[in-house]
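Trainee: Residues per chain are reported as follows:
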Amino acid sequence: MATDNMTWTKAASKTPVPTHTIARPSRTLGVQSYVPELLKGTALTMRHFFTNAKERLLGQKRDPVLDNFEGGITTIEYPEERRIYPERFRGLHRLTVRADDSPRCVACLCCSTACPAQCIHIEPAEYADGDERRGYERFPAAFVIDELRCVFCGFCVEACPCDAIRMDTGLHPVPYDSRDQFIYDKTQLLALTAPDGTRRTDNARHEPGDPTHPGLSRDHDAH
Amino acid sequence: MSDGTITIDGRPVPFDKGDTIIKAAYEAGIEIPHYCWHPGLSAPANCRMCLVEIEPPPGRDPLTLDILRWDAEKNDYVPTKKVKLLPACQQACSEGLSVKSDTSAEVDTARHAVQEFLLLNHPVDCPICDQAGECKLQDYWLEHQSSKKRMSEEPVHKPKGVVFGETIIYDAERCIMCTRCIRVSDEVAKDPVLDMRERGNRNEIVLSPGRTLDHNYSLMTEHVCPVGALTSSHFRFKARVWFLRSGDTVCQGCATGCSAHLDYDPRDNTAYRYRPRDNKAVNGYWMCDVGMLSYPEAHEARIERARVHGKDAELVDAIAQAKKLFSSHASDPSRIAIVLGARHSNEDNQALARVAKIYLGATHFYLSRRKDGHADDILMVADRNSNAAGVHEIARNLGLGDVRSLADLVRDIAALRIDFVISLGADIDGDESEAMDQLRRVKGFVAIAAHEGPLAKAAHVVLPAASWAESPGTYVNRNGIAQITEGVLKPRGDAHPAWQLVIALTRALGYEVGWKKRGDLQAGEAAQ
Chain P
1 MATDNMTWTK AASKTPVPTH TIARPSRTLG VQSYVPELLK GTALTMRHFF TNAKERLLGQ
61 KRDPVLDNFE GGITTIEYPE ERRIYPERFR GLHRLTVRAD DSPRCVACLC CSTACPAQCI
121 HIEPAEYADG DERRGYERFP AAFVIDELRC VFCGFCVEAC PCDAIRMDTG LHPVPYDSRD
181 QFIYDKTQLL ALTAPDGTRR TDNARHEPGD PTHPGLSRDH DAH
Chain H
1 MSDGTITIDG RPVPFDKGDT IIKAAYEAGI EIPHYCWHPG LSAPANCRMC LVEIEPPPGR
61 DPLTLDILRW DAEKNDYVPT KKVKLLPACQ QACSEGLSVK SDTSAEVDTA RHAVQEFLLL
121 NHPVDCPICD QAGECKLQDY WLEHQSSKKR MSEEPVHKPK GVVFGETIIY DAERCIMCTR
181 CIRVSDEVAK DPVLDMRERG NRNEIVLSPG RTLDHNYSLM TEHVCPVGAL TSSHFRFKAR
241 VWFLRSGDTV CQGCATGCSA HLDYDPRDNT AYRYRPRDNK AVNGYWMCDV GMLSYPEAHE
301 ARIERARVHG KDAELVDAIA QAKKLFSSHA SDPSRIAIVL GARHSNEDNQ ALARVAKIYL
361 GATHFYLSRR KDGHADDILM VADRNSNAAG VHEIARNLGL GDVRSLADLV RDIAALRIDF
421 VISLGADIDG DESEAMDQLR RVKGFVAIAA HEGPLAKAAH VVLPAASWAE SPGTYVNRNG
481 IAQITEGVLK PRGDAHPAWQ LVIALTRALG YEVGWKKRGD LQAGEAAQ
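Chains P and H, in that order, are what the protein sequence lines are.
Each residue of the first sequence is one higher than the one before, counting from 1 in the working numbering.
Each residue of the second sequence is one higher than the one before, counting from 1 in the working numbering.
None of these hints come from the bench; they were simulated from the model.
A virtual CB, placed ideally from N, CA and C, is assigned to each residue, including glycine.
Worth double-checking, as some hints may not be accurate.
With a straight-line cut-off of 20 Å between C-alpha atoms, the simulated EDC-like cross-links for lysine to aspartate or glutamate are [to be verified]:
1) H:K490 with H:E314
2) P:K54 with P:E81
3) H:K238 with P:E123
4) H:K280 with H:D16
5) H:K238 with H:D377
6) H:K238 with P:E81
7) H:K82 with H:E106
8) H:K371 with H:E452
9) H:K238 with P:E126
Over the 12 Å line for every Cβ pair with chain P, so calculated as not near, a few chain H residues [to be verified]:
10) S42
11) D76
12) S233
13) T363
14) G401
15) R492
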């Protein structure tokens, strides 16, 4: 309840607020019958209808996204039409894979350490003895992101030393009808791709065939 | 009393006869960067990280080396002199010696160069390395190097993930050949199972032919490893060290009571490892493997809920049931047996012993202890109980008379001399099956225990006690040295510190106990 000694409220002004009076619109027969305005509105609607119908029939429909850069307002028909997101848009996360389809992630937990929303859960595991990927040593047995908790800050991508997590899918989580559907596990994250459909990264380091590939079978005396 | 004083960067540092500069600095809390030196091991001076400048005696020239230094103006190397640096881990202290460590530009350059050299062939696989976060290579890179690698060649690759034994996995690429692990095996474990082979960048640590790293101090090799070359197979990939917090505790493995750090993750309330805590009076710098691997006792085989006749119950109901069982205890106090716990803290035993003597008037005292194991002549002793000495001391101070073994209790029950038993701890060190038969015959049996055991199985009422990791307590080792553990973990389930349960039980039996805090129990036996 505001009282006089509440200094944080603005004191009421003593001078009256300046006003000016707007004249009432004339109430002619045309105005009172609504007919001219009704026709005007119908005409506008029909003009758009015929323009759209013509453009659709002739295939001349303009690009709503490019139109957006010009003046005026363009409505787009989401989700059939979508605006192009900027190149650096941070969308849903994806996990990148090596050439042998193993996740690049080594479960170092740098991303979950950096995450301010604490939405990343990782369980590290070790490739078994005899596995051809044994040389990578570590992999995430579980990698779960709660996309509802995520604040899309991109710190996880910055923190990743292996280019294993990216937010370049161009997707945002669609509105699901229950919370658990926003919890993305390792399989889902690995299945997501970059907008061009690729799953790999440009970083060839540690790929099989690369001299840096950490295999246990490397010839010790070759150097 | 020190034998003299040296100065390090202008600070006076006392030393004992025979100390090296780095040892004197270590004792004074000054860190001279080092990899291969360890206070508990010999000094091979092979990492060259601890190079320091020693100022010449007054009126004398400093020790110098003839070197070639690049001169950008002449576009050529020119002969010049530079101060000769000495390894602080080899140079003995002498009265008045003046050492420049952090204040010398030459030392700075040398540290930078050594650090760059050690990282030359390092794989920089910190993401998959368990040492990341507590690695000296990382720390010293930040402190003394902070520059990018200049070598553009592919580093030398060496074997990774080599299994040395059940506990240790070796990564030769990360190894900086400080030989600490070799020296731990030689000097601490007295089992020279590790050695080094090849030279230069092909150097690697190898096992003796036909051996595995299986001595009882194998985890100490991992503990002293300043980098991630040796990793423990038990801790491997389990946790990141920056998530762990650490509490001072005492190893419960045997009566030596090694000082230890218990590293735990506060988020899941789980202990992940022990690390030895330097304590010259008890364990020096070391712990045995058996002790190091006993950290899971913080959550394994724990009693987390109160039990009445083998069924889980609420704590209040269990205490009410105990009251019912003990309804006729006061008629003849000599028929009450009190079992003290050799694995429980002084506070817990103090509480039970005082209650027994003062309120219950009990005269029969016994000791629940773990069976003896094997001993080595280094740290581990046969007595597997952390506080047997403490219990005997309490018994002496309170004048409880003989604290007898559980075998005596079994005999006394068989001879129909005992009707009621209150026990602290659940271990039996003698014949289990016979003991169980007899223990089931008593009228009332309350066991207060942190871990499952035969006594907890035989008891009518079991009250869940907090473990050594969950409540602070004093433990007295076999040499009479008392140490206090920090209660760092949250008690699991309904567990409470055992002394609190003793007080609750005593109140239920109709006696008003004066003490409320742990300090009341430590304050000395004379008080009550």
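Trainee: Now tell me if each hint is right for this structure.
Mentor: Evaluated hints:
{"no.": "1", "hint": "H:K490 with H:E314", "in the structure": "holds, 19 Å"}
{"no.": "2", "hint": "P:K54 with P:E81", "in the structure": "holds, 19 Å"}
{"no.": "3", "hint": "H:K238 with P:E123", "in the structure": "holds, 8 Å"}
{"no.": "4", "hint": "H:K280 with H:D16", "in the structure": "holds, 16 Å"}
{"no.": "5", "hint": "H:K238 with H:D377", "in the structure": "violated, 32 Å"}
{"no.": "6", "hint": "H:K238 with P:E81", "in the structure": "violated, 47 Å"}
{"no.": "7", "hint": "H:K82 with H:E106", "in the structure": "holds, 8 Å"}
{"no.": "8", "hint": "H:K371 with H:E452", "in the structure": "holds, 15 Å"}
{"no.": "9", "hint": "H:K238 with P:E126", "in the structure": "holds, 10 Å"}
{"no.": "10", "hint": "S42", "in the structure": "holds, 30 Å"}
{"no.": "11", "hint": "D76", "in the structure": "holds, 32 Å"}
{"no.": "12", "hint": "S233", "in the structure": "violated, 10 Å"}
{"no.": "13", "hint": "T363", "in the structure": "holds, 55 Å"}
{"no.": "14", "hint": "G401", "in the structure": "holds, 55 Å"}
{"no.": "15", "hint": "R492", "in the structure": "holds, 22 Å"}
The structure fails hints 5, 6 and 12 (numbered hints given earlier, in ascending order).
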